[in-house]
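Spelled out from the first residue to the last, the chains are:
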Amino acid sequence: MKELSLNILDITENSVKAGATLTEITLDESDKNLILTIKDDGCGMSEETVKSVTDPFYTTRTTRKVGLGLPFLKLAAEQTGGGIEITSVVAKDENSPHGTCVTATFNKEHLDFTPLGDITATVTTLVQGHPDTDFLFIHRKNGGEATLDTRELRQVLEDVPLDTYDVIKWIEEYLREQYSQIN
Amino acid sequence: MKVREIAEKAELKILSMPDPEREVIGAYMGDLLSWVMGRAGESNVWITIMSNINVVAVASLADVSCVILSEGVELEEDVLNAAKEKGINILSTNLPSYETAIALSGMV
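Sequences listed follow chains L and R, in order. For the record, in the first sequence the residue sitting at position 42 is 42 according to the working numbering, with numbers rising by one throughout. For the record, in the second sequence the residue sitting at position 108 is 108 according to the working numbering, with numbers rising by one throughout.
Excised from the complex, chain R in its bound form (with noise of 0.2 Å):
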């Protein structure tokens, strides 16, 4: 499935999406920035709560397909725009990290 269609089923709120039609294979979350690097796989849909510029970097070298930040968790300006102008697709939604996971299951 792609990054687009997630977004829409799972009613998630987007706030950068320069590349919608990236296909997502598989999930893993994760606060902890370098411990996330190293295990998050890529085209994973990587939710988390972190949002300072760092998750830009781990997800660019992650490769992953979008991050979603949960628990309502918004992004600074500076570190939206290093996301578009990176070409990280971020999400958000009100959901807790679990609940996020478990509304993304069989979508993933």
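The following block holds chain L by itself, in its conformation from the complex (with noise of 0.2 Å):
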């Protein structure tokens, strides 16, 4: 993909899938390196599936025999001298902690480091598309940081679904001021 927000998209989709209720991405980007995480309280894999994942004939679309989420994030950290880290506890029943959780290294200064891109519009797709699930977003950058919270924002909104147009907008321009003030 040629930015790497595409494949944050990608992957945080399977935190949903996998019922997550919460779904955490972090950026830890210095001059050097930018580190992605994803964390969900999804339902997690066994040890075998986590092994299996990052092979594109592994898939749980029931469509096609071919899954490429995970393969392309792999390879995206990887063709920068980086890689990918992958762990996961699968709920044995509802009070343990469970979910899955997707680590990302890149080396920025690698000629072939996919640019970021515009991870607002990425953030804001997810909120839109699932308004229903909560997720916690934090990019640390330049000592500053942007973030959103939709749980606090539920709060604030009580009733108002997430999805509503003025909340999306909103969501946009709060990403996008944070975002002035530390790029």
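Honestly, the hints are just simulated from the structure, not real lab data. Since we're looking at a predicted model, the values are computed, not measured. Using N, Cα and C, we set each Cβ at its ideal position, and we do this for glycine too. A few of these clues could be false.
Incomplete in silico selection of chain L near chain R, CB under 7 Å [what the hints assert, rightly or not]:
1. M1
2. P56
3. F72
4. G83
5. I86
In silico SDA-like pairs for lysine to any residue, Cα to Cα no more than 25 Å straight-line [claimed, not checked]:
6. L:K51 x R:G30
7. L:K108 x R:G30
8. R:K86 x L:T49
9. L:K2 x R:D31
10. L:K51 x R:M50
11. R:K84 x L:S52
12. L:K2 x R:G87
13. L:K108 x R:S51
14. L:K17 x R:G38
15. L:K108 x R:L32
16. L:K17 x R:S34
17. L:K51 x R:S51
18. R:K84 x L:K2
19. L:K108 x R:D78
20. L:K39 x R:K86
21. L:K2 x R:G30
22. L:K2 x R:L32
23. R:K84 x L:T59
24. L:K2 x R:A101
25. R:K84 x L:G67
26. L:K51 x R:D78
From these two lone chains plus the hints, build me the complex, please.
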């Protein structure tokens, strides 16, 4: 993909499909590196499944036999000299902690580093597409950060759905405003 | 023209050819896999310098007739095995991508 933000969109969709109530997307950016973490509290995967998810011929999709979300993220990270790590805990019962965490490390100075792209659009698209699940987005960069926590929004908005046009517009401007401070 | 005939006429090295009689229609050239995935046409020849396992997956999804690795790019054994198993034809040449396309001109 020409932008990492599209990879992020793709991977986060997996979390939502895994039944996550909260998905945390964190970007830790320094001059040299970008570390992406996508952590969810979804149903989790077995050890065996974790090993096979970066194989493009493994997929949870039933419509076709190839899944390229994680294989593409792995490729994007590895072609900069970085890599990905996946840990997961399967849900045994409702009370025990469970979920999946994907961490991808990129060397920003490598020529094959894929630019992050329009992450604000990605985050707004996620909220709009899944207004009933929560997202915590944090991008740390240049000593500052841009954040969005839909749980806080939900408290303030009470019964107003998050995919309401005005809410989505507000989220977009809220993120863009924060980025204008740290970029 | 069939993949087998193209391999012969353009003097391409055969790495994996489970489906030699596959008919070739047109060609596509590109190395950004996600981009190729949505753009390479069915039965195209796909010219690329990429050689990881995802190439086999994209070739399968896009339903290209064969992959041609240019610039003398080689395949790891596990990728080669996946190609054979998934029925993906893979050929190679020492020519750069542009010259490979020229060599195929008139055939596809």
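We went through each hint and held it up to the structure:
Contact between L:M1 and chain R, as hinted, is supported at the beta carbon level, the nearest pair being about 4 Å apart and thus within 7 Å. The interface hint given for L:P56 is met, as the beta carbon of that residue sits about 3 Å from the closest beta carbon of chain R, less than 7 Å. For L:F72, the interface hint holds, the least distance from its beta-carbon to any beta-carbon of chain R being 6 Å, beneath 7 Å. Using the Cβ-Cβ criterion of 7 Å, the hint placing L:G83 at the interface with chain R is not satisfied: the shortest such distance is roughly 14 Å.
Taking 7 Å as the C-beta cut-off, the interface hint given for L:I86 is violated, the closest approach to chain R being about 17 Å. Among the hinted pairs, L:K51 with R:G30 is inconsistent with the structure: their alpha-carbon atoms are about 29 Å apart, more than 25 Å. Proposed proximity of L:K108 and R:G30 is supported: the alpha carbons are some 23 Å apart, at most 25 Å. Distance hint between R:K86 and L:T49 is fulfilled; the C-alpha atoms sit about 21 Å from each other, no more than 25 Å.
Using a Cα cut-off of 25 Å, the hinted pair L:K2 and R:D31 holds, with the two alpha carbons roughly 11 Å apart. Our distance criterion of 25 Å between C-alpha atoms is met by L:K51 and R:M50, whose separation comes to about 23 Å. About 19 Å separates the Cα atoms of R:K84 and L:S52, which keeps this hinted pair within 25 Å; it holds. About 28 Å separates the Cα atoms of L:K2 and R:G87, which puts this hinted pair outside 25 Å; it is violated.
At most 25 Å may separate the alpha-carbon atoms for a hinted pair to count; L:K108 and R:S51 meet this at roughly 23 Å. Between L:K17 and R:G38 the alpha-carbon distance is near 23 Å, which keeps this suggested pair within the 25 Å criterion. A C-alpha spacing of about 18 Å is found between L:K108 and R:L32, which places the hinted pair at or below 25 Å, so the restraint holds. For the suggested pair L:K17 and R:S34, the alpha carbons sit about 21 Å apart, so the restraint of at most 25 Å is met.
A hinted pair counts as satisfied when its Cα atoms are at most 25 Å apart, and L:K51 with R:S51 qualifies at roughly 21 Å. For the suggested pair R:K84 and L:K2, the alpha carbons sit about 29 Å apart, so the restraint of at most 25 Å is broken. Simply put, L:K108 and R:D78 have alpha-carbon atoms about 29 Å apart, too far for the 25 Å limit, and the pair is violated. A distance of roughly 33 Å separates the Cα atoms of L:K39 and R:K86; the hinted pair therefore is violated under the 25 Å criterion.
Straight-line distance between C-alpha atoms of L:K2 and R:G30 comes to about 13 Å, which keeps the hinted pair within the 25 Å bound. For the hint pairing L:K2 with R:L32, the CA-to-CA distance comes to about 8 Å; that is within 25 Å, so the pair holds. Of the supplied pair hints, the one linking R:K84 and L:T59 holds, its CA atoms being roughly 20 Å apart against a limit of 25 Å. A threshold of 25 Å between alpha carbons decides the hint, and for L:K2 with R:A101 the separation of about 24 Å falls inside it, so the pair holds.
For the hint linking R:K84 to L:G67, the alpha-carbon distance of about 19 Å falls within 25 Å, and the restraint holds. Of the supplied pair hints, the one linking L:K51 and R:D78 holds, its CA atoms being roughly 16 Å apart against a limit of 25 Å.
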